[in-house]
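S.K.: The chain contents come next:
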Amino acid sequence: MLDLMQDEVFRAFSTYALVVILKTMIMAPLTAFYRFKRGSFANEEDVAFKSAEERKKLLRPNPDVERVRRCHLNDLENVVPFVLVGLFYALSGPQLSTALLHFRIFAGCRIFHTISYIGAFPQPCRALSFFAGVGATVSMAYHVLSKVFVL
Amino acid sequence: MLDLMQDEVFRAFSTYALVVILKTMIMAPLTAFYRFKRGSFANEEDVAFKSAEERKKLLRPNPDVERVRRCHLNDLENVVPFVLVGLFYALSGPQLSTALLHFRIFAGCRIFHTISYIGAFPQPCRALSFFAGVGATVSMAYHVLSKVFVL
Amino acid sequence: MLDLMQDEVFRAFSTYALVVILKTMIMAPLTAFYRFKRGSFANEEDVAFKSAEERKKLLRPNPDVERVRRCHLNDLENVVPFVLVGLFYALSGPQLSTALLHFRIFAGCRIFHTISYIGAFPQPCRALSFFAGVGATVSMAYHVLSKVFVL
Chain A
3 MLDLMQDEVF RAFSTYALVV ILKTMIMAPL TAFYRFKRGS FANEEDVAFK SAEERKKLLR
63 PNPDVERVRR CHLNDLENVV PFVLVGLFYA LSGPQLSTAL LHFRIFAGCR IFHTISYIGA
123 FPQPCRALSF FAGVGATVSM AYHVLSKVFV L
Chain B
3 MLDLMQDEVF RAFSTYALVV ILKTMIMAPL TAFYRFKRGS FANEEDVAFK SAEERKKLLR
63 PNPDVERVRR CHLNDLENVV PFVLVGLFYA LSGPQLSTAL LHFRIFAGCR IFHTISYIGA
123 FPQPCRALSF FAGVGATVSM AYHVLSKVFV L
Chain C
3 MLDLMQDEVF RAFSTYALVV ILKTMIMAPL TAFYRFKRGS FANEEDVAFK SAEERKKLLR
63 PNPDVERVRR CHLNDLENVV PFVLVGLFYA LSGPQLSTAL LHFRIFAGCR IFHTISYIGA
123 FPQPCRALSF FAGVGATVSM AYHVLSKVFV L
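Chains as they are written, first to last, in this note's numbering: chain A, 3 to 153; chain B, 3 to 153; chain C, 3 to 153.
These are computed hints drawn from the structure, not numbers from a lab.
Fair warning: there could be bad hints in the mix.
Within a straight-line C-alpha distance of at most 30 Å, the following computed DSS-like cross-link-like pairs (lysine-lysine) qualify [claimed, not checked]:
| no. | chain 1 | residue 1 | chain 2 | residue 2 |
| --- | --- | --- | --- | --- |
| 1 | C | Lys39 | C | Lys58 |
| 2 | C | Lys59 | B | Lys58 |
| 3 | C | Lys58 | A | Lys39 |
| 4 | B | Lys39 | A | Lys59 |
| 5 | B | Lys25 | B | Lys52 |
Some residues of chain C that are not near chain A, with every Cβ distance over 12 Å (derived) [stated by the list, open to error]:
| no. | residue |
| --- | --- |
| 6 | Ala54 |
| 7 | Pro65 |
| 8 | Gly95 |
The C-beta atom is built at its ideal place from N, Cα and C for all residues, glycine as well.
Next comes chain A alone, as it looks inside the complex (with noise of 0.2 Å):
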């Protein structure tokens, strides 16, 4: 294993970071799995064995595949800058109880924000959870910022 892998720090990162992935990951099959139980498909070729008629029915855009589809680039907009802003944080030496702290508000929040937009719960659920997330890691940015800076 390389030396990086051996702090502690970038450690939890990892895990964290894998575990948003992952979330986001689930989107995908959760995407398939409304698409077949709604019955609305985006392609030709997914319903090519249906009748014509059935066809286009089977065509037409679902309100509930539309919201996991929504869900699912909210996911893209807000994990892959967490991760991504994360490696530079991890790599510029946090303590690590801040470090964890960021790392959980982040996932909570994210694992909250989907649950509460698939499962359309009443405001601001969902904009809270996305406002802390955004918030961690702005402060994770920040902290970077303020370590390394070269324009």
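Since the structure of chain A is provided, determine the placement of chains B and C on it from the hints.
M.R.: Only chains B and C this time, still in chain A's reference frame:
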């Protein structure tokens, strides 16, 4: 060159990561190509020199353009997690042969996925290449989590 | 701080990567701002306190909101590859001046791209800034591949 780049697994990972990232980036000019070929644009300013009537026609979505865009988004949803998970994987010291197997399966699957998506190949071409790619990423994530796990 | 962060090129890369990631993240609140300003929402629960008639009106897509969302997606499609390719590039030991040139061109282009997209500047403002950004990323990828290539 930094020490990290001396590591054989990391060099192999860099190569395959760049191949799939460049493959993803090709989708943008491909979208532009289909936009011009099919006459379907997304922004008012892209069709500024046309007559009002023609403009309205050129701003309608086209199924072929939408197909390339879905393929591009699917790449983002899969290639980015692969590169991020692969980074931790390459740092966690796997065997070169095992690592190469993962990288080759993923890269091969994603290239075949793009061809079957754009070419509208009959299912399960696209589905199988999608799931094999996901499998490679999940397998790498499992390997990392089994070695470093700090929650 | 870990050894990696002592490297001048890596420090410069961290700075520019964080700048473009934060720029991408700004698109989310900007989308929210346009959603409220134009009265166009995506989810039922976001307009729960309105009357049934008003709700229907507020759930219609709006061209300005869609423009910001396209700009956000375009950022994801370009900024994420830049940061990932740049990571390998920074590790492959380029000259500081060459590296800074790449980072500055990319960051400048993406900031100008966002301004011209949101402001609906006449073409080829958006197209040129897009292709110059892609050029910087591809040039870095070429540099890495010419140094480390293990297939």
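S.K.: Does C/Ala54 sit more than 12 Å from chain A, CB to CB?
M.R.: For C/Ala54, whose nearest Cβ neighbour in chain A is about 16 Å away, the distance exceeds 12 Å, so it holds.
S.K.: Are the Cα positions of B/Lys39 and A/Lys59 separated by 30 Å at most?
M.R.: holds, 28 Å
S.K.: Taking the minimum C-beta separation from C/Pro65 to chain A, is that value above 12 Å?
M.R.: holds, 18 Å
S.K.: Does the alpha-carbon distance linking B/Lys25 and B/Lys52 stay inside the 30 Å limit?
M.R.: Given pair B/Lys25, B/Lys52 is violated - Cα atoms ~33 Å apart, limit 30 Å.
S.K.: A cut-off of 12 Å on Cβ-Cβ distance, and C/Gly95 was said to be off the interface with chain A. Does that hold?
M.R.: It holds; C/Gly95 is separated from chain A by about 16 Å at its closest Cβ, greater than 12 Å.
S.K.: So if I understand the rule, the pair passes when the alpha-carbon distance is 30 Å or less; does C/Lys58 with A/Lys39 pass?
M.R.: Roughly 25 Å between the alpha carbons, so the hint for C/Lys58 and A/Lys39 holds.
S.K.: With the threshold set at 30 Å, check whether the alpha-carbon distance from C/Lys39 to C/Lys58 stays at or below it.
M.R.: Holds, at roughly 17 Å.
S.K.: Between C/Lys59 and B/Lys58, does the CA-CA distance stay at or below 30 Å?
M.R.: With a Cα-Cα distance of about 23 Å, the restraint between C/Lys59 and B/Lys58 holds, given a limit of 30 Å.
In this structure, only the earlier hint numbered 5 is contradicted, and the remaining ones agree with it.
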